[in-house]
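These protein sequences, in sequence, are chains A and B. Residue numbering for the first sequence follows our numbering, beginning at 1 and increasing consecutively. Residue numbering for the second sequence follows our numbering, beginning at 1 and increasing consecutively.
A couple of the hints might just be wrong.
What the hints assert, rightly or not - Incomplete in silico selection of chain B near chain A, CB under 8 Å:
1) 16
2) 56
3) 63
4) 65
5) 68
6) 72
7) 79
8) 80
9) 82
10) 83
11) 103
12) 106
13) 107
14) 108
15) 144
16) 165
Claimed, not checked - So, partial list: chain B residues that the calculated Cβ filter (under 10 Å) puts toward chain A:
17) 19
18) 50
19) 53
20) 60
21) 61
22) 90
23) 92
24) 93
25) 98
26) 99
27) 186
28) 188
These aren't lab readings, by the way, just hints derived from the structure by calculation. Ideal placement from N, C-alpha and C gives every residue a C-beta, glycine not left out.
There are 2 protein chains.
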Amino acid sequence: MPRLVMKFGGTSVANIDRIRRAAKRVGAEVAKGYDVIVIVSAMSGKTNEMVGWVRETSKLYDSAEYDAVVSSGENVTAGLMALTLQEMGVQARSWQGWQVPVLTTGQHERARIEDIPNANLNAAFDAGNKVAVVAGFQGVSPDGRITTLGRGGSDTTAVAFAAAFDAERCDIYTDVDGVYTTDPRVCDKARKLDKIAFEEMLELASLGAKVLQTRSVELAMRYKVKLRVLSSFEEMSDAAGTLVCSEEEIMESNVVAGVAFSKDEAKMTLISVADRPGIAAAIFMPLSEAGVNVDMIVQNISEEGRTDMTFSCPADQVLLAETAMKAAKERGEINFHDVVADEAVAKVSVVGIGMRSAAGVAAKMFKTLADNEINIKIITTSEIKISVLIERKYMELAVQALHDVFGLDKAA
Amino acid sequence: MPRLVMKFGGTSVANIDRIRRAAKRVGAEVAKGYDVIVIVSAMSGKTNEMVGWVRETSKLYDSAEYDAVVSSGENVTAGLMALTLQEMGVQARSWQGWQVPVLTTGQHERARIEDIPNANLNAAFDAGNKVAVVAGFQGVSPDGRITTLGRGGSDTTAVAFAAAFDAERCDIYTDVDGVYTTDPRVCDKARKLDKIAFEEMLELASLGAKVLQTRSVELAMRYKVKLRVLSSFEEMSDAAGTLVCSEEEIMESNVVAGVAFSKDEAKMTLISVADRPGIAAAIFMPLSEAGVNVDMIVQNISEEGRTDMTFSCPADQVLLAETAMKAAKERGEINFHDVVADEAVAKVSVVGIGMRSAAGVAAKMFKTLADNEINIKIITTSEIKISVLIERKYMELAVQALHDVFGLDKAA
Chain A
1 MPRLVMKFGG TSVANIDRIR RAAKRVGAEV AKGYDVIVIV SAMSGKTNEM
51 VGWVRETSKL YDSAEYDAVV SSGENVTAGL MALTLQEMGV QARSWQGWQV
101 PVLTTGQHER ARIEDIPNAN LNAAFDAGNK VAVVAGFQGV SPDGRITTLG
151 RGGSDTTAVA FAAAFDAERC DIYTDVDGVY TTDPRVCDKA RKLDKIAFEE
201 MLELASLGAK VLQTRSVELA MRYKVKLRVL SSFEEMSDAA GTLVCSEEEI
251 MESNVVAGVA FSKDEAKMTL ISVADRPGIA AAIFMPLSEA GVNVDMIVQN
301 ISEEGRTDMT FSCPADQVLL AETAMKAAKE RGEINFHDVV ADEAVAKVSV
351 VGIGMRSAAG VAAKMFKTLA DNEINIKIIT TSEIKISVLI ERKYMELAVQ
401 ALHDVFGLDK AA
Chain B
1 MPRLVMKFGG TSVANIDRIR RAAKRVGAEV AKGYDVIVIV SAMSGKTNEM
51 VGWVRETSKL YDSAEYDAVV SSGENVTAGL MALTLQEMGV QARSWQGWQV
101 PVLTTGQHER ARIEDIPNAN LNAAFDAGNK VAVVAGFQGV SPDGRITTLG
151 RGGSDTTAVA FAAAFDAERC DIYTDVDGVY TTDPRVCDKA RKLDKIAFEE
201 MLELASLGAK VLQTRSVELA MRYKVKLRVL SSFEEMSDAA GTLVCSEEEI
251 MESNVVAGVA FSKDEAKMTL ISVADRPGIA AAIFMPLSEA GVNVDMIVQN
301 ISEEGRTDMT FSCPADQVLL AETAMKAAKE RGEINFHDVV ADEAVAKVSV
351 VGIGMRSAAG VAAKMFKTLA DNEINIKIIT TSEIKISVLI ERKYMELAVQ
401 ALHDVFGLDK AA
């Protein structure tokens with residue numbers, strides 16, 4: 001039998017009615033002839049309730065016990081989903097991580113899946129089971145303790161099962177109906193993509209389009225798992241959602257696949273830094289140690305042995321960054337005239353695998369911004385992405401203009 | 001190190017504050033030099049919430065999935081208790097049933113513990129752990145699925161661990177402060193017992209004094225586990241609660257240990273039954289098959305080949321019993337003139353191991369009831385118990401009079 005993995009997130013299994021609706025989708029795939037592995041999250045709100053209890057017991061809690069507590073939400077949903085499928089006449093049973101088993105590393109709260117032996121589930125399918133309902137987000141460590149994969153880990157569970165059981169596709173049911181060219185709340189011409197390449201999805205996800213956990217996309221890319229993101233609140237259809245796949249499977253595509261943005265950015269400038277070999281390390285090591293997530297970096301041309309060093313970081317880390325810089329100055333590690341923060345900035349990026357073969361994307365982007373009188377503060381580029389830092393008040397304008405100029409409202 | 005088992009029921013772990021209070025009691029025993037096995041129930045209300053969801057999915061649910069869902073409440077408490085102990089500086093970790101492992105039969109919802117191999121917990125104690133927090137009520141079946149022991153099963157878990165780990169004592173923390181000579185709400189002279197014999201506790205429990213699950217007392221009796229029932233809401237003291245133990249450990253005791261009662265009883269009479277060999281079986285087999293819990297039975301002296309047959313059963317099974325009797329009559333299996341139910345009755349019992357060696361207890365009981373003009377409808381006796389069925393309106397009066405006449409307000 002061909003295999004399918006279907007993953008349902010917390011809002012899709014929030015109560016028995018929704019579990020029943022999800023189970024109907026599973027039943028429809030079974031009717032088409034698939035053996036289905038269903039991965040479930042905890043009912044929405046349940047994980048937060050348990051995390052709250054854990055934090056109430058102690059500030060510096062033991063991660064192993066955190067995992068033992070927090071993993072129970074998925075177990076409840078898995079049992080309820082199996083019961084609902086049985087009630088519909090579909091032969092199903094629930095599996096907890098240790099029963100499959102989902103073998104992980106021993107790093108609690110952020111374990112990585114090492115192996116999923118498929119003997120147990122295959123024996124169940126051979127014995128007539130049509131559906132294996134697996135509790136997502138969890139596994140078992142080498143010493144037999146329960147582990148969890150980190151927030152959003154059920155996506156990773158789903159992709160890992162799709163790879164281990166050679167599934168035809170891995171469908172991720174969530175509360176959005178797919179991946180968009182940009183956020184429809186910012187640009188009303190935003191269009192749902194039918195397909196997107198893994199690499200593009202990774203750039204979009206890490207830039208803030210939080211549809212899929214980044215790790216699950218990386219895993220899907222490595223094992224060539226066809227990943228489909230779709231809404232559990234819409235009519236069923238084979239064309240629903242967005243397929244995340246290898247670029248070879250995308251026949252035609254726009255040069256630019258999407259425009260991403262992030263508005264909670266800040267620009268920090270160290271004014272008049274003594275320019276000497278090793279100065280970048282002297283600045284960015286203490287920032288890293290202080291936990292500041294430095295993103296874009298630009299260094300002005302040096303004049304008379306001094307330069308300005310500018311970088312961006314999340315807006316809520318400005319104080320952390322300032323404190324770290326002043327401390328380094330007091331220790332004599334660096335020397336600068338002043339540190340200036342600009343918290344009214346945003347990052348806008350265009351992403352697309354087509355950029356690798358098409359010239360002039362950067363030029364077109366910069367001209368469009370210039371035509372709209374938007375000043376660029378920092379630029380960074382990668383093979384498939386160009387990002388600029390601009391004044392925050394121009395963010396919506398920039399997104400809309402770039403969406404237009406790259407023709408994202410129209411399919412390729 | 002000497003071992004102690006401490007079990008905390010749902011109300012004793014209802015929130016983090018209460019878990020903290022329970023953890024302090026555990027810490028105090030660790031400070032005395034004990035290695036402690038803590039058995040926890042689900043936070044009160046949680047099991048009912050999950051049972052509700054299971055019932056919402058389907059009427060005829062799969063017991064294996066019920067167990068997978070419902071067992072998760074204990075896992076949450078076990079983790080939270082371990083975290084709280086760690087925060088207090090006590091080395092502790094949680095154990096789920098399959099991790100210990102608690103090996104049970106495969107009868108879901110009512111599994112029986114078959115074995116508790118002690119290698120894993122002993123290794124943890126040897127490595128410096130002072131407390132093993134075990135999720136009560138659950139185990140693992142021979143084919144690796146989660147089982148539960150039935151409602152109140154955490155008491156049984158506690159006693160089984162006390163037996164398997166040769167614990168000095170098994171303390172059951174609950175919301176009552178011990179076992180009483182009778183219900184204080186019915187008789188204000190009711191007195192808390194310091195000690196009670198296993199056999200007496202069994203008779204009291206099955207008669208409605210629902211402090212301990214009956215199975216846990218049977219298990220404690222078989223393995224000679226000293227069982228103490230005490231409140232988690234009172235000051236700690238070595239004399240707290242009631243010790244349930246072998247009768248050899250009770251030096252002095254009253255002939256009668258307690259007066260039990262049950263008011264939800266009904267008396268059923270089959271009038272003018274054809275009296276022939278096998279008639280009792282012909283009546284009580286269909287009742288048993290219909291699920292009627294017949295308790296006391298009395299048969300009148302036969303006259304002219306016909307007799308009246310009277311029995312008691314729970315008041316809410318009257319309709320069930322009537323239907324079964326009429327069906328048996330229609331099938332020609334029995335013949336009677338009429339079936340009459342009296343739902344205004346109650347059962348009152350006196351219980352005490354001293355009755356085995358003391359004569360005249362029954363006579364004293366009957367005379368006391370007669371002096372109070374209470375008519376007895378049915379009598380049954382066992383080695384350590386005499387029960388009577390009386391009109392319900394006299395129940396309180398009977399309990400108070402018997403409590404007085406057997407001197408239960410005074411210690412032996």
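Against the structure, the hints come out as follows:
At its closest, the beta carbon of residue 16(B) sits 4 Å from a beta carbon of chain A; the interface hint therefore holds under the 8 Å criterion. At about 4 Å, the closest approach between the beta carbon of residue 56(B) and any beta carbon in chain A falls short of 8 Å, and the interface hint on this residue holds. For residue 63(B), the shortest C-beta to C-beta distance to chain A is roughly 10 Å, which exceeds 8 Å, and the interface hint is violated. Look at residue 65(B): its Cβ gets to within about 5 Å of chain A, closer than 8 Å, so that hint holds up.
With a cut of 8 Å, the hint placing residue 68(B) at the interface with chain A holds, because the nearest CB-to-CB distance is about 4 Å. Against a cut-off of 8 Å between C-beta atoms, the interface hint on residue 72(B) holds, since the closest Cβ of chain A lies about 4 Å away. Of the supplied interface hints, the one on residue 79(B) holds, with its beta-carbon coming within about 4 Å of a beta-carbon of chain A, less than 8 Å. Checking residue 80(B) against chain A: minimum C-beta separation of about 6 Å stays under 8 Å; hint holds.
Among the interface hints, the one on residue 82(B) holds; its C-beta lies about 5 Å from the nearest C-beta in chain A, closer than the 8 Å criterion. Evaluation of the residue 83(B) hint against chain A yields a held restraint, the C-beta minimum of about 4 Å falling below 8 Å. Nearest Cβ of chain A to the Cβ of residue 103(B): about 15 Å, over the 8 Å cut. The hint is violated. At its closest, the beta carbon of residue 106(B) sits 14 Å from a beta carbon of chain A; the interface hint therefore is violated under the 8 Å criterion.
Among the interface hints, the one on residue 107(B) is violated; its C-beta lies about 17 Å from the nearest C-beta in chain A, farther than the 8 Å criterion. Hint status for residue 108(B) relative to chain A: violated, with the closest Cβ pair at about 12 Å, above 8 Å. At about 6 Å, the closest approach between the beta carbon of residue 144(B) and any beta carbon in chain A falls short of 8 Å, and the interface hint on this residue holds. For residue 165(B), the suggested interface contact is broken, since its CB lies about 19 Å from the closest CB of chain A, more than 8 Å.
The beta carbon of residue 19(B) comes within 7 Å of a beta carbon in chain A, closer than 10 Å, and the hint placing it at the interface holds. Hint status for residue 50(B) relative to chain A: holds, with the closest Cβ pair at about 6 Å, below 10 Å. Below 10 Å, beta-carbon pairs count as interface contacts, and residue 53(B) has one with chain A at about 6 Å; its hint therefore holds. This hint holds: residue 60(B) has a C-beta 8 Å from the nearest C-beta of chain A, less than the 10 Å allowed.
Evaluation of the residue 61(B) hint against chain A yields a held restraint, the C-beta minimum of about 5 Å falling below 10 Å. The closest approach between the C-beta of residue 90(B) and any C-beta of chain A is roughly 12 Å, which is over the 10 Å cut-off, so the hint fails. Annotation: residue 92(B) was flagged as interfacial toward chain A, and the flag holds, the nearest CB pair being 9 Å apart, inside 10 Å. Because the closest C-beta pair between residue 93(B) and chain A is about 7 Å apart, less than 10 Å, the hint holds.
Because the beta carbon of residue 98(B) sits about 7 Å from the nearest beta carbon in chain A, less than 10 Å, this interface hint is met. Taking 10 Å as the C-beta cut-off, the interface hint given for residue 99(B) holds, the closest approach to chain A being about 6 Å. Hint status for residue 186(B) relative to chain A: violated, with the closest Cβ pair at about 39 Å, above 10 Å. For the restraint placing residue 188(B) at the interface with chain A, the shortest Cβ-Cβ distance is roughly 40 Å, beyond the 10 Å limit, so the hint is violated.
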